[in-house]
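Novice: Heads up: the protein sequence lines correspond to chains S and H, in order. Start counting the first sequence at 25; every next residue gets the next number (the numbering used here). Start counting the second sequence at 122; every next residue gets the next number (the numbering used here).
Please keep in mind that the hints were generated in silico from the structure rather than gathered at the bench. Even glycine gets a Cβ: it sits at the ideal position worked out from N, Cα and C. Among the hints, erroneous ones may be present.
[To be verified] Derived coverage of chain H by chain S (criterion: at least 3 residues anywhere in the stretch with Cβ under 8 angstroms from a Cβ of chain S; other residues may be distant):
id : stretch
1  : 124-132
2  : 147-155
3  : 185-194
4  : 263-274
[What the hints assert, rightly or not] Ranges of calculated distance between the beta carbons of each label pair, as one might list FRET restraints:
id : chain 1 : residue 1 : chain 2 : residue 2 : range
5  : S       : E241      : H       : N127      : 25 to 31 angstroms
6  : S       : V731      : H       : N127      : 20 to 26 angstroms
7  : H       : Q208      : S       : A172      : 32 to 38 angstroms
8  : S       : G441      : H       : V162      : 41 to 47 angstroms
9  : S       : R564      : H       : Q181      : 52 to 58 angstroms
10 : S       : K492      : H       : Q208      : 36 to 42 angstroms
11 : H       : Q181      : S       : N705      : 31 to 37 angstroms
12 : H       : Q208      : S       : Q401      : 30 to 36 angstroms
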Amino acid sequence: MTTQISRRNFLKSVSALSGAALVVGFDTGNALASTGNAAEFTPFVRITTDGRVTALIKHFECGQGTATGLATLIAEELNLPLDQVEIEFAPADAARYRNLLFGSIQGTGGSTAMANSYMQYRQAGAAAREMLVAAAAEAWGVPANSVALADGQLTADGNTAQIGDFVASASAQDVPATPRLKDPSEFSVIGNPDTRRRDNVPKTNGSAIYAMDLHLENQIVAVILRSPRFGGTLASFDDNAAVDVPGFIRATALPTGAGVLVYGMNTWAALQARDAIVAEWDFSQAENRGSDQIKADLLAAVNADAEFDAKGSAAETAELLNGAAQIIERDFFFPYLATATMEPLTCTIAPTETGVMLYDGCQSPTGAQMALAAVLQIPQENIEITTLYAGGTFGRRSTQTADYQVEAALAFALNGGQQPVKLVWSREDDIRGGYYRPAVAHKVRVGLDEGGRIVGWDHRVTGKPIFKGGPFDAFVVKNGVDSSSVEGVHDTPYDIPGQYVGLTDHRSPITVNWWRSVGHTHTAYVMETMMDMAAAAVGRDPVEYRMEYLNGGTADQVRMAGVLRLAAEKSDWNGPVVEGRSRGVAVHKSFGTFVAEVFEISGDAEDGVVIERVTCAVDCGVPVNPDVIAAQMESGIGYGIGHVMRNEITFTDGEVDQFNFPDYESLRISDIRAIETHIVNSTEPPTGVGEPSTPPSGPALANAIAVTGPRVTQLPMAANGVRFF
Amino acid sequence: MPTSLNINGQTHMVDVPDGTPLLWVIRDELKLTGTKFGCGVAACGACTVHVDGEPVRSCQTYVEDVEGTEITTIEGVASEVASAVKQAWNELNVVQCGYCQSGQIMSAIGLLSENRTPTVDEIENYMWSNVCRCATYQRIRTAVQRASEILEA
Numbered sequence: 025m026t027t028q029i030s031r032r033n034f035l036k037s038v039s040a041l042s043g044a045a046l047v048v049g050f051d052t053g054n055a056l057a058s059t060g061n062a063a064e065f066t067p068f069v070r071i072t073t074d075g076r077v078t079a080l081i082k083h084f085e086c087g088q089g090t091a092t093g094l095a096t097l098i099a100e101e102l103n104l105p106l107d108q109v110e111i112e113f114a115p116a117d118a119a120r121y122r123n124l125l126f127g128s129i130q131g132t133g134g135s136t137a138m139a140n141s142y143m144q145y146r147q148a149g150a151a152a153r154e155m156l157v158a159a160a161a162e163a164w165g166v167p168a169n170s171v172a173l174a175d176g177q178l179t180a181d182g183n184t185a186q187i188g189d190f191v192a193s194a195s196a197q198d199v200p201a202t203p204r205l206k207d208p209s210e211f212s213v214i215g216n217p218d219t220r221r222r223d224n225v226p227k228t229n230g231s232a233i234y235a236m237d238l239h240l241e242n243q244i245v246a247v248i249l250r251s252p253r254f255g256g257t258l259a260s261f262d263d264n265a266a267v268d269v270p271g272f273i274r275a276t277a278l279p280t281g282a283g284v285l286v287y288g289m290n291t292w293a294a295l296q297a298r299d300a301i302v303a304e305w306d307f308s309q310a311e312n313r314g315s316d317q318i319k320a321d322l323l324a325a326v327n328a329d330a331e332f333d334a335k336g337s338a339a340e341t342a343e344l345l346n347g348a349a350q351i352i353e354r355d356f357f358f359p360y361l362a363t364a365t366m367e368p369l370t371c372t373i374a375p376t377e378t379g380v381m382l383y384d385g386c387q388s389p390t391g392a393q394m395a396l397a398a399v400l401q402i403p404q405e406n407i408e409i410t411t412l413y414a415g416g417t418f419g420r421r422s423t424q425t426a427d428y429q430v431e432a433a434l435a436f437a438l439n440g441g442q443q444p445v446k447l448v449w450s451r452e453d454d455i456r457g458g459y460y461r462p463a464v465a466h467k468v469r470v471g472l473d474e475g476g477r478i479v480g481w482d483h484r485v486t487g488k489p490i491f492k493g494g495p496f497d498a499f500v501v502k503n504g505v506d507s508s509s510v511e512g513v514h515d516t517p518y519d520i521p522g523q524y525v526g527l528t529d530h531r532s533p534i535t536v537n538w539w540r541s542v543g544h545t546h547t548a549y550v551m552e553t554m555m556d557m558a559a560a561a562v563g564r565d566p567v568e569y570r571m572e573y574l575n576g577g578t579a580d581q582v583r584m585a586g587v588l589r590l591a592a593e594k595s596d597w598n599g600p601v602v603e604g605r606s607r608g609v610a611v612h613k614s615f616g617t618f619v620a621e622v623f624e625i626s627g628d629a630e631d632g633v634v635i636e637r638v639t640c641a642v643d644c645g646v647p648v649n650p651d652v653i654a655a656q657m658e659s660g661i662g663y664g665i666g667h668v669m670r671n672e673i674t675f676t677d678g679e680v681d682q683f684n685f686p687d688y689e690s691l692r693i694s695d696i697r698a699i700e701t702h703i704v705n706s707t708e709p710p711t712g713v714g715e716p717s718t719p720p721s722g723p724a725l726a727n728a729i730a731v732t733g734p735r736v737t738q739l740p741m742a743a744n745g746v747r748f749f
Numbered sequence: 122m123p124t125s126l127n128i129n130g131q132t133h134m135v136d137v138p139d140g141t142p143l144l145w146v147i148r149d150e151l152k153l154t155g156t157k158f159g160c161g162v163a164a165c166g167a168c169t170v171h172v173d174g175e176p177v178r179s180c181q182t183y184v185e186d187v188e189g190t191e192i193t194t195i196e197g198v199a200s201e202v203a204s205a206v207k208q209a210w211n212e213l214n215v216v217q218c219g220y221c222q223s224g225q226i227m228s229a230i231g232l233l234s235e236n237r238t239p240t241v242d243e244i245e246n247y248m249w250s251n252v253c254r255c256a257t258y259q260r261i262r263t264a265v266q267r268a269s270e271i272l273e274a
């Protein structure tokens, strides 16, 4: 396997903090060796004289299993059982811990954690191994190749030592520029299906600390009364009644006009005080429409000429459609969706000698540092971050405005900047607080010839762009097209002749964000529904029909066909269907990973649907932690399908109608009877697994429902004619 | 007037107004943060603790109502059933983000304490109101069955 990071050079340092330790990483620049400049050093593994090995995790852990994954890479190259590698979250330091796929930024997202770390962490582990071996060889006067390192023990010619014994002398060794990585045939930790997550124990005994759990000495709590409409500004407020709330400290207007900041001695006091405050708002610049109007506006936009061309030519495709034997067409609508992370948003800012410390389940350390530097007017390097466990993200803990970290910074500064301030969102804040999956409409017209072959595909999309106008605009927006709105359509691996993709931007003050799997949340649904409708229109088997558009021989097509075939085989697609049951299939590529799903349901739309069995096939390159991959497939399917079934954020006169879980109903334990995951034993470089199982879940369910019932093209299903048990 | 609470076998005197949810006493006053704030309206189960052995939602349980009871949190729960549940959770790699899991485990212990061999339907009915946004449900279901197996062995 080759990677763009394989020729980098290793450096090392000895930790001055806690006694002698071997710390190995590699430089992201040229071979600068030990210049003493900390910014040029990237440590990923620490070994202390007591033999403890710690993997320094540069990504945050929101449940996706990255901490276990990166520890796995270190364990593999150091010949250690995984349970002997401790995990510790790295500090904010982009020079050392940048995401190699994000340029100069330290952060987690786009299912990139394993993809960008795979070689980096293996090399760090391998370099540490070679340095320990070299130190032992020197001490014992034996050739390095006679020294074995396994289970934390070095042995050669009757000599035995613990790795901790050689930490000091290993630190004096030259760092190997290109340490020998294990051949995949030697792997015992990578690919092992029986490993345990490294965070199992703290997350089952209450000891895992999340940002919500932080209690610093002298800390106070801040909550914010925000405008009930997006884009509204505070006109006035009355806190007379709050004064009677025990523990209320004070309330003050945010200088941004975004609301009232309410301080309390503890969380309950702050929440109670906020409830007692009455505010008046200026809605002149706010979103004042209701959902029906928003939906009508979106559907009108996709039934008109597009603002931007994302692929092909509308005129040429129109001509192809004119010559088609039949045309199938459909409008689609996808509502706004909240992420509703299990841990509501929160972070704490505390003063340090030179600046501040942010305590956060921090998804984008560099973004948070930049935003806090701007708000607090202190240099970015004086903003430290302690990353804690995150109670889910689904994209929400990273926004281009660093919204909740900025709120915390304002709360900290407006309180004088001398006292730790913890900012807390309630569940209602979260459901009503924006940064939603944008509402999106699609209109698709597919032309088929007399043999049932696709001859033209006119595809129009509208929604509020996620990246346009933000800090990543230059990377994502080309010729007016925010690719996150059309990803999965204009770059589909299917060989679709005569495809035109047009995009129209929707404008609204409602804030939007990269909800788990981003544009693929809606594009996969549309693509896979239309493929299914095309197959049905000409009486073809849905799997076989898709295969015809995946036989062009490209690497993507081979892998996409591979998972489709695997899912079909494992679900017994060609076998008989139990009476009263139906099957639907969908396949999609996102974030470099290919996933096919077959949903088997019982019942029907009118009388009620039960999801009996989901068969999932995934190709994510080398499967590093097979059980983590399976868990992410289950998670992405459950998350995707729960929203497709029941969830929407709706508006009345600009105000969000939902408040909390009772009206933004979560998937439940009884909603999916079984999910089985089959992993392609690939040798391709590993790609992400946190998001890619979400996109095909909706259309696979929809296609199963359509076998005996309606084509559901407006979501959520429960509000559009489908009953669920 | 301070309220006396027996939590995890220890007596704590807490000085909070009546009407304060037990959740915030446990978390903010006693710093037992394994019990989580998820919704505040008893709609997610993340705040589940045991009161006299029965799972309750601590966000809708008021401090004045639990004086004189035995309150147990995830940090203090210890029994044959609790050990079996934690072992099963570990074997099956149930956790993801983990934020709901204290509540899931407290509910599962409640279920297996009254019914050591629950059917799938019984598991789903009992655990239905514990929300997991990571959708670890399949593993929760299997882990409860596995814990039952451990207890019956």
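Novice: I'd like to know which numbered hints this structure contradicts. Please list them from smallest to largest.
Specialist: Hints 1, 3, 4, 6, 8, 10, 11 and 12 contradicted; others consistent.
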